[in-house]
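Enquirer: Given next are the chains, with one letter for each unit.
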Amino acid sequence: MLEAVNLGCVRGERRLFANIAFRLAAGEMLSLQGKNGSGKTSLLRMLCGLTPPADGEIRWQGQPIALLAGDYRAVLCHLGHHNAIKDELTPLENLLSAARLAQATLTEDEALVALQRVGLHGREALACRYLSQGQKRRAALARLVHERRPLWILDEPYVALDVAAVDMVAGLIGTHLQRGGLAVLTTHQAVTVNAGRIRELSLDGDCQERPQTQDGRCC
Amino acid sequence: MLLILRAVIGRDLRLAMRRQADLVAALFFFIIVVSLFPLGVGPEADQLRRLAPGVLWVAALLATMLSLPRLFADDHRDGTLEQLALAAQPLAIVVLGKVVAHWLVAGLPLVLLAPLLGIQFDLSPDALSILTLSLLIGTPALSGIGAIGAGLTLGVRGGGVLLSLLVLPLYIPVLIFGTGAVEATVSGLGPQAHLSLLGALTLGGVFFAPWPTAAALKVALE
Numbered sequence: 007m008l009e010a011v012n013l014g015c016v017r018g019e020r021r022l023f024a025n026i027a028f029r030l031a032a033g034e035m036l037s038l039q040g041k042n043g044s045g046k047t048s049l050l051r052m053l054c055g056l057t058p059p060a061d062g063e064i065r066w067q068g069q070p071i072a073l074l075a076g077d078y079r080a081v082l083c084h085l086g087h088h089n090a091i092k093d094e095l096t097p098l099e100n101l102l103s104a105a106r107l108a109q110a111t112l113t114e115d116e117a118l119v120a121l122q123r124v125g126l127h128g129r130e131a132l133a134c135r136y137l138s139q140g141q142k143r144r145a146a147l148a149r150l151v152h153e154r155r156p157l158w159i160l161d162e163p164y165v166a167l168d169v170a171a172v173d174m175v176a177g178l179i180g181t182h183l184q185r186g187g188l189a190v191l192t193t194h195q196a197v198t199v200n201a202g203r204i205r206e207l208s209l210d211g212d213c214q215e216r217p218q219t220q221d222g223r224c225c
Numbered sequence: 391m392l393l394i395l396r397a398v399i400g401r402d403l404r405l406a407m408r409r410q411a412d413l414v415a416a417l418f419f420f421i422i423v424v425s426l427f428p429l430g431v432g433p434e435a436d437q438l439r440r441l442a443p444g445v446l447w448v449a450a451l452l453a454t455m456l457s458l459p460r461l462f463a464d465d466h467r468d469g470t471l472e473q474l475a476l477a478a479q480p481l482a483i484v485v486l487g488k489v490v491a492h493w494l495v496a497g498l499p500l501v502l503l504a505p506l507l508g509i510q511f512d513l514s515p516d517a518l519s520i521l522t523l524s525l526l527i528g529t530p531a532l533s534g535i536g537a538i539g540a541g542l543t544l545g546v547r548g549g550g551v552l553l554s555l556l557v558l559p560l561y562i563p564v565l566i567f568g569t570g571a572v573e574a575t576v577s578g579l580g581p582q583a584h585l586s587l588l589g590a591l592t593l594g595g596v597f598f599a600p601w602p603t604a605a606a607l608k609v610a611l612e
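The listed protein sequences correspond, in order, to chains A and B.
The first sequence maps to residues 7 to 225 in our numbering.
The second sequence maps to residues 391 to 612 in our numbering.
Just to be clear, a hint being listed does not mean it is correct.
[Unchecked claim] Stretch-level coverage of chain B by chain A, calculated; a stretch enters the list once three of its residues show a Cβ under 8 Å from a Cβ in chain A:
1) 397-406
2) 470-482
[As the list claims (entries may be wrong)] Quick list of in silico lysine to aspartate or glutamate cross-link-like pairs, EDC-like style, CA-CA up to 20 Å:
3) B/Lys608 to B/Glu434
4) B/Lys608 to A/Asp61
5) A/Lys41 to A/Asp115
6) A/Lys41 to A/Glu206
7) A/Lys41 to A/Asp210
8) B/Lys608 to B/Asp468
9) B/Lys608 to A/Glu206
10) B/Lys608 to B/Glu472
11) B/Lys608 to A/Asp210
If you are wondering where the hints come from, they were derived from the structure by calculation, not from laboratory data.
Virtual Cβ for every residue (Gly too), placed ideally from N, Cα, C.
Chain A with its partners taken away, still in its complex shape (with noise of 0.2 Å):
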């Protein structure tokens, strides 16, 4: 279960939100709205714990994450801005790559399928360089396929695809959820994962006093 308690950050000297509390149990997806700069990746980074947050704090299974370390990055899947693949490897090596350094085991038939799953047939041995932007975040999305970690933190999974890539990136977040994982998103398109539930969480308005949960609309 991942917890947050009255979350602050800074920026400079910009204060983009606070007093940010939520609690997500196994099954269910943060959805993060707010405009462009109020803060969501900002929130994001510090729930994978690479920006300490200003204020607050965030557990998982009752723990601080500052303290699980080692141990809460293994249960965590995270898909920044960046697609983290490398131009210069085809899409099959960045996979297999991306598994080993994450110590998942992964062959190749397996990669293979997951990289037919989202589109990427016939693109397999190709250097990343020349497929699109949209290949190219289909290529990283390929992860979500074989990733059995329980909790996922994705930046705008969405941004880059078109209408077919999305429902697959859609149905690959449902399963999770009803796998029982946890899902931690960002997006500014209206997308409906037809599993698990989902709460909404806004980063717009005053930042200063109001606790900002918006718990609700189940799917």
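Go by the hints and put chain B onto chain A.
Expert: Below, chain B without anything else, positioned relative to chain A:
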């Protein structure tokens, strides 16, 4: 822990093979800088023999500097560094892997070329072999210490120049003991003391540098 070390080294070596231009450029830089000295100083053999260790070592330092700015910059730009920082193992282990890979790609070729280039300076076979040995022992320290600088200047504008200013002074002990080993051989004192100190520097540089580097990278990623 060994698994992730191997994964990082393997990945970096594969990337280096796909980007051979960088590798070759640093090597040719080394060759050209070293070859310019006999041409500039003149063909007097005594003078060249005295110059040789210093020239080869300084050229090796500069050639290593060339490839350092990209040690973390590429991974930072495409988001891979974030993924590496989110690996369950400590980031320092990942950094150690990158340091080893950097040495294999940027340091080892210099060592292999050194005996060939040393011939231009009319070095005796003894001196030549000690020079190569000193480079073999000392160059890993260059990658290790350089990684700290590369981590500290990550994301800084004009980081390349700043990196040289930060790292080159830290290379001075390596330079002194590296060239000292050759001079001690030529003068008949024996290179053991210098080589032992050089080995100590390398062990210190390679195994302690990853921790401050990892701390610097975490700051850069915040």
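Enquirer: All hints are to be evaluated individually against the structure, with a verdict given for each.
Expert: Hints, verified against the model:
| no. | hint | verdict |
| --- | --- | --- |
| 1 | 397-406 | holds (count 6) |
| 2 | 470-482 | holds (count 10) |
| 3 | B/Lys608 to B/Glu434 | violated, 52 Å |
| 4 | B/Lys608 to A/Asp61 | holds, 19 Å |
| 5 | A/Lys41 to A/Asp115 | violated, 41 Å |
| 6 | A/Lys41 to A/Glu206 | holds, 14 Å |
| 7 | A/Lys41 to A/Asp210 | holds, 7 Å |
| 8 | B/Lys608 to B/Asp468 | holds, 16 Å |
| 9 | B/Lys608 to A/Glu206 | violated, 30 Å |
| 10 | B/Lys608 to B/Glu472 | holds, 9 Å |
| 11 | B/Lys608 to A/Asp210 | violated, 28 Å |
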